[in-house]
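Residue numbers (the numbering used here), protein chains in the order written: chain A, 1 to 135; chain B, 1001 to 1239.
Hints were generated in silico from the structure; no laboratory data involved. Where a beta carbon is used, it is the ideal one built from N, C-alpha and C, also for glycine. Do not take every clue at face value.
Claimed, not checked - To spell it out: a stretch of chain A is covered by chain B in this simulated footprint if at least three of its residues, at any positions, have a beta carbon under 8 angstroms from a beta carbon of chain B; those stretches are:
1. 55–64
2. 79–86
Claimed, not checked - With the Cβ distance kept under 7 angstroms, some of the chain A side facing chain B (calculated, not the full set):
3. His-68
4. Lys-70
5. Lys-72
6. Glu-73
7. Gly-95
Claimed, not checked - With a cut-off of at most 30 angstroms between alpha-carbon atoms, the simulated DSS-like pairs for lysine-lysine come out as follows:
8. A:Lys-70 with B:Lys-1003
9. A:Lys-70 with A:Lys-2
10. A:Lys-101 with A:Lys-12
11. A:Lys-12 with B:Lys-1003
12. A:Lys-106 with B:Lys-1083
13. A:Lys-87 with B:Lys-1044
14. A:Lys-101 with B:Lys-1044
15. A:Lys-70 with A:Lys-106
The primary structure of each chain is shown beneath.
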Amino acid sequence: MKRLLPSLRAKKRYLAFELISEVPVSRSDLVKEVMFSASSLLGDVTASECDIKVLGFEESKGIIQCSHTKVKETRASLATLTRVNGKRATVHILGTSGTIKRATEKFLQNTVFEPEIRINSKHLKNNNLGRIQES
Amino acid sequence: MGKPKFYDFCVHAVPDGENTVEQLAALARHLGYSGIALANHSDKLPQSQPALPSTNEFEVYRGIELVEENPSKLHGLIGKFRKSVDVLIVHGGSETVNRAALENPRVDILNHPAFAKSSGLNQVLAKSAAENDVAIGLTIRPLLHSRGSGRVRLLSDLRANLDLARKYDVSLVLSSGAMSCFDLRSSMETLALAEVCGLEENEALEAITVVPERIISRNRPGPGHIREGIEVLEEGDYC
């Protein structure tokens, strides 16, 4: 099918986030939990307008896509995420951007994190998020 | 105008909560706060006063959340702790406690006033809260942990209190009420959640920046302070 014209495509925002969790979490569990907390807080109608997608998630850092008019709602619903797979976890949004490239460059490279609380503290140096193209 | 400073005015550390003050302070700092108030419940106080890890950019204020059902005992506790803490919070939750807290100008914040089938406030209480400058504390922890009908109740209570607070000009304080590190949320997320739950943008911002600062400046008067309304600005010999 022919791709939509750039001017007709839905505008998005990309939220770079880190997950602070008790145990390492898999991407599919996180996706499930993000969707559940969004539809539980906002309702299915608003959650669908938010257009939330977890794009990349590796080593407890990643990018979530949402509609550019619904950043606030998306942030709020991510704040209500308390558990992933029964283990406690918190999503901390590092920043928002209009492109994946910028979000990765600005927020996901060489972010420093204080050690004591972090359970799985690993620096994300060569992240693979750059590989994800807007599709 | 510089970047606003965010404060989280209700954080519980061991033995009340799960994590130590140092851990909570480190995470809160990472999440973008300029200060937190350690407000353990008064029935679960540690044996000795913990040292507060404050630095120049980040301060841990000494606070307490009083838990007492009997109003006259509550007033006694307020008198006992007022001098030694920066932030005095009352753990609301019954008609008599809410009333006692809101009628005492020495109280800073009344947390979660809601009780069975009531949002906990009415026009009489809201008026006295405004007169005595007692803020209503909105803790986000219950909102995060409940789902479905429980959260619906919390949100409708919040709306009812918000309407009263707007009408009578009562100040609000937005805090995490964290029992562990996993209950802390960054300032931006707290603001977004508050806005989704019905607060206006400026109200939410004020509740997390201006009102806490005002509480601290009220309880930590400057060196020239003599009594409320009287302050020495400049000393000199005017004969």
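Worksheet entry | Violated constraints from the hint list, given by number and in increasing order | Of the numbered hints given earlier, those the structure breaks are 1, 3, 4, 7, 12 and 14, listed in rising order.
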